[in-house]
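Asks: I would like the entire structure built from these sequences, with the hints used as guidance.
Going line by line, the protein sequences match chains A and B.
Be aware that the first sequence starts at 1, since it is given in the working numbering, and climbs by one per residue.
Be aware that the second sequence starts at 1, since it is given in the working numbering, and climbs by one per residue.
Hints in this document: simulated from the structure, not taken from any laboratory.
Some residues of chain A that are not near chain B, with every Cβ distance over 10 Å (derived):
#, residue
1, 11
2, 65
3, 71
4, 72
5, 157
6, 220
7, 278
8, 318
9, 335
10, 366
11, 368
12, 370
Partial list, derived from the structure: chain A residues whose beta carbon lies under 8 Å from chain B:
#, residue
13, 118
14, 164
15, 165
16, 167
17, 168
Cut-off 30 Å, straight-line C-alpha distance, at most; resulting in silico cross-link-like pairs (DSS-like, lysine-lysine):
#, chain 1, residue 1, chain 2, residue 2
18, A, 161, B, 39
19, A, 163, B, 39
20, B, 39, B, 100
21, B, 100, A, 161
Even glycine gets a Cβ: it sits at the ideal position worked out from N, Cα and C.
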Amino acid sequence: MTTEGQEAIGRIFREEYGRSLAMLIGLFGDIDVAEDAVQEAYTLALDKWLAEGLPPNPGGWITTTARNRAIDRLRRQTRERHLLGEAALLASDSEPAQEGGAVPDDRLRLIFTCCHPALAAETQVALTLRLLGGLSTDEVARSFLVTESAMAQRLVRAKRKIKAARIPYRIPSDHELPDRLPPVLAVLYLIYTTGQSSPGERGLCGEVIRLARLLAALMPDEPEAAGLLALLLLTESRRAARTAPDGSLVLLGEQDRGHWDRGLIEEGQAIVRRCLARDRPGPYQLQAAINAVHADAPTAADTDWPQIIALYDHLYALAPTPVVALNRAIAIGESHGPVSALTLIDQLDLDQYYPFHAARADLLRRLNRHRDADAAYQRAATLAPPGPERDFLNRSGRTA
Amino acid sequence: MPHYLLSVHSVEGQVREPMTEEDMRRSHERLGAIEQEMKSSGMWVFSGRLHQADTATVVRTAGGQTVTTDGPFAESKEHLGGFYIIRAGDLDAALALAAKVTAAIDTPIEVRPFAATSDE
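Replies: Right, here's the structure in full:
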C-alpha cells in the first residue's frame, strides 16, 4: 500500500508540478526559489497524504503549501528580503485577463521562457522537461543520453542566464508570435520523437501530449498549436500497433489497424477538420492531415495516396526541406511505383539521415536489386540510434 | 533597470564588400535615427566606436613590476570595434534594439547583461 500510495502521489505531483512551479515563478520572479519551495511541498505532501489520505484539491494544496514555504524562507533569509517586496509587484504586473475573463495559465508564460531563442535548442528541451514536465534532472539526463551531472550543469547554466540576462516571463505579443511559437512547437515535437524512439521513455510521449493539449487550449487563435496536438494524437494512436510482441518495429503498411486507438484518432481527426475549416494551413496541420488520411484507410491498400501526395505538395511549398521531399517521394513510390520514387530520392542530399537510406533500401528491395538494398539497409542501420529501428534495419539488411 | 552591453566585433583581415558612399550615408542615417530614438526613450547610457585593435596597449603586474606591452589583450582575430550600453526592461527589449542596429550596420551584435549597475 505504501509503495502504491507513494506512486500515486508521485504521479499527482508530476501532473501538478508545472502548474505550481509556473505560478510560484510568477509570484517570486525566481526559478530557484520556486523549485525549492515546490520540492519542499512535495516532501511534506508525501508524509501527510500517506498518513491522512489525499486532500480534496491536491494541486491547490501543493501550490499553497509551496507558496507559504517560500514566503517563510524568504523572510528568514534577509539576503533575499528584497524579493518579497517584488513579489507583490510581480503579482500585480501579471497579464490582464483575456476575453471571457479567463486568467491565462502561468505555464504558458513558462514554456515561452524555456523555449526562448536566446537559449540553445537542446537547453530549451531540457528546461521544458524539467520545469514543465516535472521530470527529475536524472530522468531528463537519461532521455538525452548524458550524465546527470552534465545535465545538472546545463540546467544551472540556463537558469543563471534566464536570471542574469532577464529572459522575460511572459506570453509574447501577437507581433512576436511568428518568431516565438515555432521553437515551442519544435521542442514539443522533438521531445515526442525522442520518447518514441527510446522504449524506456514512453512516459515522455504522454508528458508532451499533456503540454500540447495545454498549449492548444491556451492559444485557441493559433492553428499550428492545434495542428501539433492533432499530429501527436494521430501518431500516438498507432503506438500499440507500432511494435510487435517481441519489441521489434512494425512499419505503417504492415500494422494491425485493429490495434489503432480509435478514441485518439477521432480526437485528432476532429481537430484536423477544424483546422481545414479555418484554412490557415501550416506545417504541423498538414502533417496532421497526412496522418488523418492514413487513419481513414481500413487497410494499407485502401490508402488515398493521391490525397497524401497533394498534402505533401502543399507541405513542400510551405517547408521546402529535403526531409519533406523524401517523404513526398515515398508517397509517390506507393502510388506510381518504386522507379519514379527512387529517381526523386537519389536527387536528395541526405546522406547522414538514416531514414533516407532506409527508404532507398525499401525501394531497391521492391525492384529486386537485393545487393544494393542490403548495402542501403546497412548504411541506415549504422546511422540509426540504437533501439527497435536499428534492429529492424539490421534484420531487413540480412533478408534483402 | 537592467543594463546591457551591445557590442560590435570586427574580424581581423576579413575583407568586406566595400560600401558605396550612398550605402554608407544611408547606414549612418539609420544609425543616427536609432540613436536618437534610444536617447528619447531613455534607453541610451553610453556608446562609442574604437580605433583598430593594433592601437591597444596592455598593462599588467609581474613580480611587483608594471609591465606594459604593445597590442591587444586577447590573442584572437575578433576584436571589440564599438559598443552601446543601454537600459532595457528585459532581454526581449534589448534584443529588439540590437535587431534594429544590426539591420542598419549589417554586422552581428552580442548582447550581454551587466552584473550590476549603479542605479539598481
